[in-house]
Amino acid sequence: GDSVTQTEGLVTLTEGLPVMLNCTYQTIYSNPFLFWYVQHLNESPRLLLKSFTDNKRTEHQGFHATLHKSSSSFHLQKSSAQLSDSALYYCALSDLAGGYKVVFGSGTRLLVSP
Amino acid sequence: NAGVIQTPRHKVTGKGQEATLWCEPISGHSAVFWYRQTIVQGLEFLTYFRNQAPIDDSGMPKERFSAQMPNQSHSTLKIQSTQPQDSAVYLCASSLAGTGAETLYFGSGTRLTVL
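Read top to bottom, the protein sequences are chains A and B.
Letter by letter, the first sequence follows residues 1 to 114 in our numbering.
Letter by letter, the second sequence follows residues 1 to 115 in our numbering.
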């Protein structure tokens, strides 16, 4: 079945440094939908950005990600981390092969310090 | 728009008791998803409904967990004979049609504690 892998459980950064959170996925379907959700402390997950188009950069709130079907990746990046970026980030996948259920990775906690 | 509403916010049960969790999706949304969130496992998919019909319950522990959606305005997740390992935050989410490209909108969750 579909699966999403986020290799880092915790990423710690100093404010101002670039952010990169890794996400790779597995599916038998050639047209997956990929998402990044962000969850701040004591809140519920909310959508950060999403993409369905191969090799097209998607941006929102200073973050960006590009879906690369050749490498089954959808890494999240930001040029300069802010203290307010500290949160739990989930990569997620949905596609026809999975009946459009949304499968999440294990999450990466980002901690940004001054 | 009140968003996805989940009740209760917190529930404490004794081992072996039953727990019923409620979810009211956003009005007009036809897909409802249930997830379990723990620090160790992250967001685990449990089950999902589209137009009130169960589409996929592959994440549900079959023996004690069941979910229903009797009408378009609410869904329930029932856990029988609760065990300490069921302690988690249970999140309900809804989307417009459940056709893959849509945003999931999450409720605030129900924190279940099994003593």
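These aren't lab readings, by the way, just hints derived from the structure by calculation.
All C-beta atoms, glycine included, are put in the ideal place defined by N, C-alpha and C.
Heads up, some of the hints might be wrong.
Unchecked claim - Examples of chain B residues lying across from chain A (beta carbon under 8 Å, computed): (1) A2; (2) F33; (3) L43; (4) F45; (5) P54; (6) I55; (7) D56; (8) F65; (9) A88; (10) L96; (11) T99; (12) G100.
As the list claims (entries may be wrong) - Covered, in the sense of this in silico footprint (three residues per stretch, anywhere, with C-beta under 8 Å from a C-beta of chain B), are these stretches of chain A: (13) 13-23; (14) 77-87.
Check: Among all the numbered hints in the text so far, which are the ones the structure does not match?
Finding: Those not satisfied are hints 1, 5, 8, 9, 10, 13, 14.
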